[in-house]
Every structure is written in C-alpha cells, then in structure tokens.
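What follows is each chain in one-letter form.
There are 2 protein chains.
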Amino acid sequence: MKKHNFSAGPSILPQEVLLKASTAIVDYNDSGLSLLEISHRSKDFVDIMEKARALVLELLGLEGKGYKALFLQGGASSQFLMIAMNLLEKRAGYLNTGSWSTKAIKEAEKLDDIYEVASSANANFNYIPKGYDIPEDYDYFHCTSNNTIFGTQLKEFPNSPVPMVCDMSSDIFSRVIDYSQFDLIYAGAQKNMGPAGTTLVVIKEDILGKVSRNIPSIMDYKKHIGAGSMFNTPPVFAVYTSMLTLEWLKEQGGIAAIEKENEKKARLMYSEIDLNPLFKGFASKEDRSDMNATFTLQNENLKETFEAMLKEAGISAVNGHRSVGGYRASMYNALPLDSVKALVEVMSELETKA
Amino acid sequence: MKKHNFSAGPSILPQEVLLKASTAIVDYNDSGLSLLEISHRSKDFVDIMEKARALVLELLGLEGKGYKALFLQGGASSQFLMIAMNLLEKRAGYLNTGSWSTKAIKEAEKLDDIYEVASSANANFNYIPKGYDIPEDYDYFHCTSNNTIFGTQLKEFPNSPVPMVCDMSSDIFSRVIDYSQFDLIYAGAQKNMGPAGTTLVVIKEDILGKVSRNIPSIMDYKKHIGAGSMFNTPPVFAVYTSMLTLEWLKEQGGIAAIEKENEKKARLMYSEIDLNPLFKGFASKEDRSDMNATFTLQNENLKETFEAMLKEAGISAVNGHRSVGGYRASMYNALPLDSVKALVEVMSELETKA
Ligand SMILES: Cc1ncc(COP(=O)(O)O)c(C=O)c1O
Ligand SMILES: Cc1ncc(COP(=O)(O)O)c(C=O)c1O
Ligand SMILES: [Mg+2]
Ligand SMILES: [Mg+2]
Ligand SMILES: [Mg+2]
Ligand SMILES: [Mg+2]
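Sequences listed follow chains A and B, in order. Okay, so the first sequence: first residue is 1 according to the UniProt record's numbering, each after it adds one. Okay, so the second sequence: first residue is 1 according to the UniProt record's numbering, each after it adds one.
It cannot be assumed that every hint is accurate.
Same chains, same names: a pair is fine if it fits in one copy or spans any two.
Below 30 Å or equal to it, Euclidean Cα-Cα: the simulated DSS-like pairs (lysine-lysine) are [what the hints assert, rightly or not]:
| hint | residue 1 | residue 2 |
| --- | --- | --- |
| 1 | 204 | 106 |
| 2 | 3 | 130 |
| 3 | 311 | 20 |
| 4 | 43 | 103 |
| 5 | 65 | 285 |
| 6 | 264 | 285 |
| 7 | 311 | 264 |
| 8 | 311 | 43 |
| 9 | 51 | 311 |
| 10 | 106 | 222 |
| 11 | 303 | 43 |
| 12 | 280 | 43 |
| 13 | 110 | 223 |
| 14 | 20 | 264 |
| 15 | 3 | 43 |
| 16 | 222 | 3 |
| 17 | 43 | 341 |
| 18 | 90 | 222 |
| 19 | 341 | 353 |
| 20 | 90 | 204 |
By construction, these hints were calculated from the structure, which means they are not laboratory data.
Put together the whole structure using the sequences plus the hints.
The structure is reproduced here in structure tokens:
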C-alpha cells in the first residue's frame, strides 16, 4: 500500500533522493567504497560539501550578495545559543510566536538581555503579532518564519533597522520571498532539506566580528566560514543527502515551482478543514502555515473511527503536538499532492459517515 | 577488486552494517517508510536510541555503575567546550599528547585556567609523557587515549585524584581496559563506532552539577540525560548505524575478541615496519598505537613506485597527516586482518625491488 507520511520532522524526502542515498552507502559513485568510509577531506566529499553550499545560495537567490552557507551540527536548537554567542553584545529583540521562539529566547537570555518585541503567547500562539516596533539600538531582531507546532507562518517580515535573524527550520525553500532581507537564516535539515543531523546556517558575513566576547572556536561562525564548513568532521551523510534534495528541488524548477505545489496542497487542505463541519482550524486564517495545517475534530466520538480510517488509507503521523492537540498535517516540499488528496478524502468520507 | 581502506576517519565500517543501513534508508523494518522520514519520537526510533545507549554501557562493562551514555551532535571537538562548560569551575589539568589534546586545551582555556600536567610537544608528540602529577585541587584531569595523527596510545592511565576525562575518539571499543576508571569518556563515532555525525559521551552522573556557571541548555549534560539523549532532534541515521556497529561488535564477541584481532593486525604491521629497512616507525615503540601506525619511507626515490604499488593493490588512504608526513595505516575494529596483510605484502615487495 502507498504510504502517506505527514510527519512534522524528520519528514518525507523525495523517493529518488532516498534511492541515491541508499546506493551511496554501499558504493559511492562506483568507487568501491561507501560514502560513510571516505575521508571528509577527500576530493569526493569536498565536492559534495561545496556543491551543497553553492546550491543553497543559488536556490535562495543569494549568490554574490555577501552570504556564506554552512552545514553545521547540533540542530536548530544549537543555533539558539550560537546566534547569541556571535551577535549579542548588549540586547536583542525576539518575536515570540511559539515554542521554538520561546526556547530561542530562553537560551539567548543566558548570555545577555533579550526583549520580546511582541508575543502571541496569550492566545496559545494561534496568530502572528503585527505592528510592533524594533528599536534601533538592538544588536539584532530574531523571528521564526513558520511555527511548526502551532501551524502559523509569517506572511510578511518587518522592515528591521537592525540585522534580522530568522529560524526557517520548517519552511525554508518552500516559498518565494526576498531572502536578502535576512542577515542570518538557519534551519534544521529535517523538514525541507534532508535527514536529521545537519543544520543549515546562511550568514551575511558583514554582521560578524562585532561582539567583544571571546567566542569558543566551535561556536564561532567566522571559524566555520574560514574552514569551508569543515572546521571539524562534518556530518557527511546528512550533508550528502541534503545536497541530493537541493538538486532535486532545482530539477523541480526551484522555489518558484515548488511554491505553486505547496500552495495547491495547502489550499486543498484548508478548504476541507473549513468546509467540513467536523473539523476546525486552529490557527487564525490570515496566519495559516502552508507547511503545517493544525486542526481539531469537533466530535470526540468520531476520533476512533477517523483514526482507523486514516490507518486504513496508509496515512501516518497526522497526530497534533501535545501543546495544541488534535491533528497536524505537515506538507513539506517532498509531500506529493496525492497524499493531501488521500487525507482530504478520508476527512470528507468521515463527514458522510457522521 | 577488493578495496583495502586505511582511512583515519571517517573510516571503514563492517560490510553487513553498511548493507543494513542502506536498506533502512529505503524501507525501515518493512514499514514502507524510510528510517530518515519517521519521527525521532516514534517508538521505532526511541527503541533504536535506547538500544544503542544500552549496548555502549554493556560493551564497556559500565552497566549499573552510575554511568549514562549520550549520542550527541557536534563532533568530539564540541566536547572540548562542553566538558569545560559542565566541569570547569576554577582550574583543570590536561595531558598534551597531540593536536587534539592541544585543541581541547585551547577551547577550555577560553573559560578558565588550564594547566598542562605534561606534554610531548617538544618531540612532535612521538611519545607519551609519564610520571607526572595531578594536583588534588584540579576540577578534572583530561587525556587523549589514542593520538590519531601521531600514532601514539596511552597503555596505562594515571591514578587520578580528580575526575578523569578521556577523549577516546580513535580507540574506544578497541581494547580491554577498566573503563570505570574514567568519569567521562567521549568519542566521535567516525572511527570505531559508526559514520560521522554523532558523538558518544559516557558520563558518571555524580560528577555533574558542581559548577556555578549558568550552562546553556544545549550544552548541559544534565538536560541531555534528562531527555534520554533526545533534548532536540538527534542525528537519526548516525545513531542507527552506530547501533548496528555496536551490535556487530557484540556478535564478534565484544571488546575482548576484537582486541585480539586488533593486536594481530598491529603486530603484523609493526613487525614489517621494523624488519623492513625501507621503513621507519614514527612513534616511540612502547607508546605505539594499535589503531594508527605512523611510519616513513627511508628512501624518497621509491615514493612513486611504492604509491603506484599501493594503488595497484587496492590500498587507499595510507597517506600520513601533514604534521607527521610519511604514511599512516589506520586499523580500526572493522578493518580486516587481510587488509593489513595486503599492505605488508606491498611493503615487503618494495624491499625486493629496491
Ligand atoms: C521552527 C523550529 N525551530 C527549531 C526546531 C528545533 O530543531 P532541532 O531539533 O534540530 O534542534 C524545530 C524542530 O522541530 C522547529 O520546527
Ligand atoms: C582523538 C581525536 N579527538 C578529536 C577529534 C575531532 O573529532 P571531530 O572532527 O568529530 O570534532 C579527532 C578527529 O579525528 C580525533 O582523532
Ligand atoms: Mg512552534
Ligand atoms: Mg470546518
Ligand atoms: Mg593527535
Ligand atoms: Mg624498518
């Protein structure tokens, strides 16, 4: 049976990427060796790393604009700390739109003063605050473009007078925006870019070198840039598989093309949520995420039936996060429209049964 | 042609591990889903993580002795910082036996006072210092059990009056020692345990919680222990493949059995280096590493012939590190004795030609 995998992350990857990654583990490029057992300093791997870094800038439209791409370890969570280590001198402003923003704030607070420029905590993060100010004396402004857990997404970004840092873990490469409005973008690979185990950081180099702190080497973006993203042994397999996914995205027509697919999927999903009286969307309509649709079943008595039908249809991982409850359909780049169709079909079938 | 891969890291893994890892990428356990696209909170992955953590303690003989095993990200290099963050209150002592020890010292120095209890830097690290003292008022003592670059190995460890921390990146699981003499052991996976992308940390829990520093969450061993090594998304594939390698090691008969194999390989290698007048060992004999044999070719005129013969025999990655020059044969757990035989054969054939 065909599987429809709505996992919020680690999440679905293109089938052809999985096949290539699987082959490379037994025999990389007909070398007779596994990708896992060659030196990261070998030409083979350096080529992979450089290709991945170049594809990132090309796909985001950031070539020749002073940006560098890094594939680091530690997850997006480690960036919560690294950003503050590299950029926080006195104070910074954070937009609090969910659990991940909150964690980013908590981690940075250990180093210096953090101010929430706005927060939607008062409504369990079901909307995106708007119309806030960003003081000019902040070292930087931090936001989370897509709130994986709550299913909200920033459709517009503020005109920040200070460097703008964005956690794009769950929607990078999914939509056309002016990526050059950001000075630092970061994202764990495990949603739109690859397997868990590497974190993409895209930095405008000129924002670095401005803090007085003695930054530990392993946390110093400058050192990682200087070492070509190989300050120490990189997570070889995760970088390679991310490179394959970026190649796949380019073959699809890049971000502009995948955005159209993502919009189709989201439209279909939300129209079912809205039109079907059994379901209710969680996020405020104008802030709905095209990546993670969060919704609840209005009639608890139908829960068992619904979940049995999902299983029957090969649909997995649509359970909501405990802080929201209900359901969450994650529709990242690699999820086919057919999978959304399958889910929507089950939802509408449930309506006829109810 | 059969390949003989002497890479220093990332390095050779057991063929059956590679095959299983390759399969899991297309279809994990007949689930119809790739290992890469399932949630790290799923039962499937939690089982993998728990099995890997348990196997570590079992193989090292540390079950029921107050230790916890963690699979983190960031490489062994990130532990240089994390150890100091968690354990360094006033001062610590480091044994400097090579480039990696030196880097560990440099990183910890950013936080507080570090003293070298002894160093072999004066002889390009070709021996292991002995007979030094470890003051009782140090927060901890740090050593590197095997010096990957220079090819030296600690055969005995000091009787430390303070917690003993050891970087075992390049010889963990390779020999029978009393692992309980250490309070913290760490190792990048990419030599004896798995692919690059995860770092094993084994900690005696009672050494934690003694510093006044406000430790960043992502660097806090206690937080990682509390979260069952899933404080944030773990490097799923690297942990799985490490688990497979640990299972393989257990099937081989564990550390005691693999140590015998490793001794055979090292004996064969070093006897050729010693008996063949064309070659000379780099490390002082009593401190020679069973994992990385470093040696030079005495007659530079034979370099091209030797390297052509190596290539012809399918032998790869025996080039030495630039800080030592010459050659390095890394003979980690997964390297078959046959590969050492093949190398030794080429070396002795060169002698007949010379
Ligand atoms: C928006 C966002 N930020 C940060 C994270 C944390 O990522 P990691 O687990 O790689 O640290 C996640 C994980 O789901 C996320 O969705
Ligand atoms: C003994 C030792 N320590 C530390 C490291 C650094 O490991 P990583 O590249 O994972 O940071 C290495 C890498 O070869 C090593 O051999
Ligand atoms: Mg969130
Ligand atoms: Mg509705
Ligand atoms: Mg060394
Ligand atoms: Mg000799």
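Hints, verified against the model:
| no. | hint | verdict |
| --- | --- | --- |
| 1 | 204 x 106 | both (24 Å within a copy, 28 Å between copies) |
| 2 | 3 x 130 | neither (39 Å within a copy, 61 Å between copies) |
| 3 | 311 x 20 | both (29 Å within a copy, 27 Å between copies) |
| 4 | 43 x 103 | between (39 Å within a copy, 25 Å between copies) |
| 5 | 65 x 285 | neither (35 Å within a copy, 54 Å between copies) |
| 6 | 264 x 285 | within (16 Å within a copy, 69 Å between copies) |
| 7 | 311 x 264 | within (24 Å within a copy, 54 Å between copies) |
| 8 | 311 x 43 | between (46 Å within a copy, 17 Å between copies) |
| 9 | 51 x 311 | between (40 Å within a copy, 28 Å between copies) |
| 10 | 106 x 222 | both (24 Å within a copy, 17 Å between copies) |
| 11 | 303 x 43 | between (54 Å within a copy, 22 Å between copies) |
| 12 | 280 x 43 | between (53 Å within a copy, 29 Å between copies) |
| 13 | 110 x 223 | both (23 Å within a copy, 15 Å between copies) |
| 14 | 20 x 264 | within (28 Å within a copy, 37 Å between copies) |
| 15 | 3 x 43 | between (38 Å within a copy, 18 Å between copies) |
| 16 | 222 x 3 | neither (43 Å within a copy, 38 Å between copies) |
| 17 | 43 x 341 | between (44 Å within a copy, 27 Å between copies) |
| 18 | 90 x 222 | both (20 Å within a copy, 28 Å between copies) |
| 19 | 341 x 353 | within (18 Å within a copy, 71 Å between copies) |
| 20 | 90 x 204 | within (20 Å within a copy, 37 Å between copies) |
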